[in-house]
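**Student:** Each chain is listed here by its residues.
There are 4 protein chains.
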Amino acid sequence: MQHFDCDYMEGAHPLILEALVRTNMEKSVGYGVDEYCASARRKILAACGLEDGEVHLLVGGTQTNATVIKGLLRPYEGVIAATTGHVALHEAGAIEASGHKVLTIPGCDGKLTAEAIDNYITAFRADEAWDHMVWPGMVYISQPTEYGTLYSLAELEAISAVCRKWEMPLFVDGARLGYALASPATDVTLKDLARLADVFYIGGTKCGAMFGEAVVIPRKGLIPHFFTTIKQQGALLAKGRMLGIQFDVLFTDNLYIDIARHAVELATRLREAFRDKGYEIFAEAPTNQVFVALSAEQEAHLRTLTTFSEWERTADGRLVVRLATSWATRTEDVEELINAL
Amino acid sequence: MQHFDCDYMEGAHPLILEALVRTNMEKSVGYGVDEYCASARRKILAACGLEDGEVHLLVGGTQTNATVIKGLLRPYEGVIAATTGHVALHEAGAIEASGHKVLTIPGCDGKLTAEAIDNYITAFRADEAWDHMVWPGMVYISQPTEYGTLYSLAELEAISAVCRKWEMPLFVDGARLGYALASPATDVTLKDLARLADVFYIGGTKCGAMFGEAVVIPRKGLIPHFFTTIKQQGALLAKGRMLGIQFDVLFTDNLYIDIARHAVELATRLREAFRDKGYEIFAEAPTNQVFVALSAEQEAHLRTLTTFSEWERTADGRLVVRLATSWATRTEDVEELINAL
Amino acid sequence: MQHFDCDYMEGAHPLILEALVRTNMEKSVGYGVDEYCASARRKILAACGLEDGEVHLLVGGTQTNATVIKGLLRPYEGVIAATTGHVALHEAGAIEASGHKVLTIPGCDGKLTAEAIDNYITAFRADEAWDHMVWPGMVYISQPTEYGTLYSLAELEAISAVCRKWEMPLFVDGARLGYALASPATDVTLKDLARLADVFYIGGTKCGAMFGEAVVIPRKGLIPHFFTTIKQQGALLAKGRMLGIQFDVLFTDNLYIDIARHAVELATRLREAFRDKGYEIFAEAPTNQVFVALSAEQEAHLRTLTTFSEWERTADGRLVVRLATSWATRTEDVEELINAL
Amino acid sequence: MQHFDCDYMEGAHPLILEALVRTNMEKSVGYGVDEYCASARRKILAACGLEDGEVHLLVGGTQTNATVIKGLLRPYEGVIAATTGHVALHEAGAIEASGHKVLTIPGCDGKLTAEAIDNYITAFRADEAWDHMVWPGMVYISQPTEYGTLYSLAELEAISAVCRKWEMPLFVDGARLGYALASPATDVTLKDLARLADVFYIGGTKCGAMFGEAVVIPRKGLIPHFFTTIKQQGALLAKGRMLGIQFDVLFTDNLYIDIARHAVELATRLREAFRDKGYEIFAEAPTNQVFVALSAEQEAHLRTLTTFSEWERTADGRLVVRLATSWATRTEDVEELINAL
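Protein chains in written order, with our numbering: chain A, 1 to 341; chain B, 1 to 341; chain C, 1 to 341; chain D, 1 to 341.
None of these hints come from the bench; they were simulated from the model.
Wrong hints could be hidden among the right ones.
[As the list claims (entries may be wrong)] Quick list of simulated restraints, FRET-style, between CB atoms:
#, chain 1, residue 1, chain 2, residue 2, range
1, C, W130, A, S39, 39 to 45 Å
2, B, A129, D, I338, 23 to 29 Å
3, B, R125, C, G49, 32 to 38 Å
4, A, P224, D, G278, 55 to 61 Å
Where a beta carbon is used, it is the ideal one built from N, C-alpha and C, also for glycine.
Produce the complete structure using the sequences and hints provided.
**Tutor:** This is how it looks when you write it as structure tokens:
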């Protein structure tokens, strides 16, 4: 039985583990002001083409989304997201818990368009009752999205332009960012993100780390006292250097991208194999996730071969499942599954 | 130069690290429903003398306090704590961020008394305007306290009785619980805590783990849907088994207590040495922390020997500092510092 | 120029004003524990056929919705509402400000169906990731809805049954309840509401009072310490008797229904006149509001005759407007508008 | 039996009631954009010596405090208040409900000093752990205080200077402001408040109105989108003109001050009479409240003469009571009570 449930089934990339072991008995002060965190910050800023800017290291994705959004919004504001956005659906109300509404716009394969955002704001401002409604204060998108799809550079530039036109910060959830950057289908680089987004994060948990998300704020001071807000949200790791070490390793010798590329290649092989065997691919997702809509027969067969995640139901009632690869997925396991399909 | 700043300066206890390395490439599902978490839960419940009960594994202390308190309180309720309580002072408003007031009562060396709590509630209920005020909905104490002091069994029983009399859950912050349990000065066991508290946690971060706090709820279902509240607070680790592995190791062969005893013994030697050399010990704290009130001269001297934490100022303006030992503190380092005092 | 913008353009019904003047110099204690409030409570409970139960008098609708919902929900819960529900759209995020998500289900003419609610819960509980999502903790509907439409007794009974099946309280926003109760199209009485809803309110602001909403909780104690939560939400009027006097008058000699009937009759005449003149009636709303979809020409004409509220745009871009009558609307003004259409 | 419980026992000043009756059947749009609100705003700004500035009309005091404080603070910030401040004690946690901590400083007779505030901030910024603590984001004081005491102009100027030095807005709760402005003991005018405070409000509920508090923001735009925040807090009255009419009357022909002067004069007579009869006056409060510490015998006697509010207990266990006068207090009632003491 194989396991393709998700991209966080194993521990940490061996190079990270090795660094954790090597440095284990060193002493450092807590809360992220140690030398490893400093080194990680420098490397991340360099990779983003930023001379200056803030990098904050948090533990997990929902936590990061809630903390950044709370930091960016004023009480009368909400965050625009796709109806399928992680903050809208699968964070147990974390955004609302900090007092803010998620303003949903229907997306397509998990993506918002600049036009849809622009129309939303235009209609909002034209509404006679606008000041009785939640002011759209920022835009949240994911790269890749929850469906593994990617924004192209042109799409991102358009969204960024709409955000700047309406003076709303753009926040990019990069919980799986490595798989986007490593996809042959992308034309978006870290430097593009640093230019187009106001805040974004580089996911570690799902891309090689044991845990950790690196929030990048290209324009220093955009969120005043963000350290204190991180602490308030319970998102400040006492032994902060554990985060520093992990991101320092991930951003040494291109490791972050290299391991993600491996996952994307295996997912691509898996996706093509499903397609070849007559399965219906559910979303055109050129990253590390494979979405397949299964007939009852296919579902029964696949259950004998591997575990996976149940995603949703199609309009005609078929189960859509997700298989995910990661830095840790073994080529032979993928081949074994392909052969058995 | 020595470093006694705090008890979270190193990584994880070697046995934990070894387990993390050994299991690294195993696959498990996320969010804490794996076998390592199950094993850790069983061992913790057994150590607490509980046949049944809930154990939730969270990442850090502030996060745990905020999540438990949010889970226990209704909107009109607040949490009683000592004025010096961690939730009252050093969590950046995490409790208030979830909508609840911290109702402070002056303590002594960080401790509340049953009598003070009882008087507070009695006065509250006698107040003509009680229903215009925040209802005291629970009691928060720490074992050991922020000053390293300990509640005796009699004190805990009295506090627990007052809480039950007034139908308020008692929550014990055990961020450093190991050092309390291992102190020769204590008569309180884990089983006592499980009997007297409604919720408490067993701190990992400061007691041997890389990170992690194990929340014990002896009476199952006391906080309905607590898993979802944990997720909402951003306190749910994706690779949950990392927590399970750590607590599984800590609760195997008495490791949790053994390593804490080491730290307490070294702190005791350090404390006695300070006293012998004429330094003023600030709080009678029989655990792993040493609080010393320094004259200007002593301060200058100590700064040449070691780093430490600045705690507060005495009424006459002297600096109170804290030195902490941990499972990782080396005996020779303590001896070197003692000799140099 | 006529004015049919809304049903809160005038002050208070003359009988209310008279009572306020008559009692003005009396002295009473504050916060709603005076004799007028007691009398209003007795009359409201009697009208609801309740021997026991709670009645709380608040000031306004958004405030009442936010306070009741906060009182009913636990942190992990959200409130189900129609996409067009007032709490979902036009309360500036008041529900989210208290930490809760509004879980929207598309309605029809502002109404939810029992089946849609049942399907929502069924799908939610079948979702693999349900405990990462906001638990549906209650249902919010309005009688009449934002579109002036009405739930029939059968529809309400079905919704109530679904709520009880899933153990979710049912909350009915009755900001315009008078116009529902007085509609010839309704078969729902106050006694039905008291039997089928867990909390509902009887709107005063839009139905004859200067301000005020009477929250009825048929089952005493359902929301513990609700008085304190009302205070916390800033919804407790110091001179509480002003609310008592108003509801006492409204519930004397059937005034509440009689004045609402007048408004519904005039709205019906207006609606029929629009239809007769070839205007498109937008929603079948047998209460005090008239929704009309206007061609550009019709819009231009209507603007010369009266003010109104702009509601939304039809799919083909026409403006939908709302005209509202109230207890204060004069028959001759309606006739003048009809003649000029 | 007399009644001196509080200053909100009667309805509205007769001139206000008359205006409400006179305008009752006029039609106006809702939410405070009518002509009466505009007129009230103009008169209030003029009385404050402001050419420009915002005036928002809310319903009650707790609501106003919570809304203004929420509008002024960012998530990481708290509000400094006296330990006895209304927001710290008697608002049922309304400030915490919006996510913010009340940072209390012990006062004297309800008053804070500039020095105490300055010391607090100085110590905060010197604290090694400041960024783990709630940032002091504003200062809240009351004029008069909860003990009826007054800040002198020099004291207010000093507090304002400290606030500006540390870049914290100063918010003055003026729920009873009329009685401060009308006190012979004051040297502070409305113009001084408008110059020294960043936000303050002019209390209506306790000073002649049926309800209503007028928030003045001398520097326009200080709180962006404040209207929406007011709506979100449930503090926006639908029939907003009811507030406009009341404040328009209060600020015509000096009514607000004249009626407050009456109350202060009667309170002064009452206070002197208590003192003459050997009662202990509890706080030097030159406004409309009289605080008396009663022996058991005095308490028994007073209870036969009048109702009052129980305030607190002295260190030696005697009851402190409060008697309040208002615009509505009759001279003969005060004289009758004095004679019977």
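**Student:** All hints, please: hold or fail.
**Tutor:** Hint by hint, here is what the structure shows:
1. C:W130 x A:S39: 39 to 45 Å: About 41 Å separates the Cβ atoms of W130 (chain C) and S39 (chain A), which means 39 to 45 Å holds.
2. B:A129 x D:I338: 23 to 29 Å: holds (27 Å)
3. B:R125 x C:G49: 32 to 38 Å: Cβ of R125 (chain B) to Cβ of G49 (chain C): about 35 Å, so the range 32 to 38 Å holds.
4. A:P224 x D:G278: 55 to 61 Å: Check passed, 57 Å falls within 55 to 61 Å.
Of the hints listed earlier, there is not a single one the structure fails to meet.
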